[in-house]
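Colleague: Sequence:
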Amino acid sequence: SSGGTGSNYSGGELLPPPSPGLAFSTAKSTFTYEELARATDGFSDANLLGQGGFGYVHRGILPNGKEVAVKQLKAGSGQGEREFQAEVEIISRVHHKHLVSLVGYCSTGFQRLLVYEFVPNNTLEFHLHGNGRPTMDWPTRLRIALGSAKGLAYLHEDCHPKIIHRDIKAANILLDFKFEAKVADFGLAKIASDLNTHVSTRVMGTFGYLAPEYAASGKLTDKSDVFSYGVMLLELLTGRRPVDKNQTYMDDSLVEWARPLLMRALEENNLDSLIDPRLQNEFDPSEMTRMVACAAACTRHSAKRRPRMSQVVRALEGDVSLADLNEGVRPGHSSVYSSHERWIQSYNSNFFILQAYQEETE
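Sequential numbering of the sequence shown, starting at 1, is according to full-length UniProt numbering.
In short, the hints are calculated from the structure, not lab data.
All C-beta atoms in this analysis are idealised placements derived from N, C-alpha and C, irrespective of residue type, glycine included.
Among the hints, a few may not be true.
For each label pair, taking beta carbons as the anchor points, the in silico distance ranges come out as [claimed, not checked]:
1. G50 - P134: 18 to 26 Å
2. Q51 - R143: 26 to 34 Å
3. R38 - D319: 47 to 55 Å
4. S302 - D45: 44 to 52 Å
5. G109 - S273: 53 to 61 Å
6. D319 - G130: 48 to 56 Å
7. I90 - K304: 21 to 29 Å
8. N131 - I61: 44 to 52 Å
9. D319 - Q85: 22 to 30 Å
10. N121 - G42: 24 to 32 Å
Model the full structure from these sequences, guided by the hints.
Modeller: As structure tokens, then:
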């Protein structure tokens, strides 16, 4: 479901929107460095929200009272001003309730800053893995999985040209106070990596989420995003991190550890050892089966055999048989269902998904 609820995006000259239901305003979206310095109280430590290989993120307040997050990208080589502006303009036209809106940017001299809507309730990583955090219940986990999937499906299938996120991980899923998910940083990984001379920092930050074909060739596609999303589903299912901080490179990743357990879950309906023990078996079994099947399908080794994100949305919502995860689907239909996709519902869903999974692991 698209729509820019609560977003205050403002852009310059606009292209026709990629699909109906998008919210735009015509005010200018460029900021001066001085304006953003004032908004963040001089980029003060008190307003620091986070930092990483890309640079720093500060909370800010615009003159109209709107709260924003200001991401200051590390100065370095990389994109010229025109190329940076062109890419940012495309991204800033995208609005969806499960995507963090880009409010504007600053590009002057060596300075590159991005201004986002402020999402107040931290990240999925914080709530799922943070020390001393209360256990996230099953309905919340499912809500986050579904919201993230809808945002990604929109980027992949309803944006023209499609936008590949490039860095799906729990730390890039922001949450509001209702624990609705908003996918952050979409389409901007290219900007960040172009500006960032320490590229290895960035790759390490994504270790555990990398699709095998990306690790092998460096080629990123929408199916690389699907794999990373599947890893995130495994986090929601198991409560485990993609890579344990004590883990060595030779240890199994979360995906490799989970593969035999996913097969047993699909084959024998045996969820022991797979599901986060903190849930204490308090979950809807059919919802759990759907998420397990989606995780198995999304983390297939073969990129072309992974489902599209729109198929994942339908499977999580229970609108189709899980066999739909094995069917091809046309692009541009992230929220459209056709009648022929429902004919197979009377079959044993798990048989189809397991058959594909066994072929994958042989």
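Colleague: Next, verify each hint and record whether it holds.
Modeller: Okay, the hints, checked on the actual structure:
Separation of G50 from P134 is about 22 Å and conforms to the stated range, judged on CB atoms against 18 to 26 Å. For Q51 and R143, the Cβ-Cβ distance of about 29 Å falls inside the hinted range of 26 to 34 Å, so the restraint holds. For R38 and D319, the hinted distance range of 47 to 55 Å is satisfied, since their beta carbons lie about 48 Å from each other. Our hint of 44 to 52 Å for S302 and D45 holds, since their Cβ atoms are close to 47 Å apart.
The hinted range of 53 to 61 Å is satisfied by G109 and S273, whose Cβ atoms lie roughly 55 Å apart. The hint said 48 to 56 Å for the Cβ distance between D319 and G130, and at roughly 33 Å that hint is violated. For the pair I90 and K304, the supplied restraint of 21 to 29 Å holds, since their beta-carbon distance comes to about 27 Å. Checked against the hint of 44 to 52 Å, the pair N131 and I61 fails, with Cβ atoms roughly 30 Å apart.
Between D319 and Q85 the beta carbon distance is about 40 Å. The supplied range of 22 to 30 Å is therefore violated. The given range of 24 to 32 Å is respected by N121 and G42, whose C-beta atoms sit roughly 26 Å from each other.
When each numbered hint is compared with the structure, violations occur for hints 6, 8, 9.
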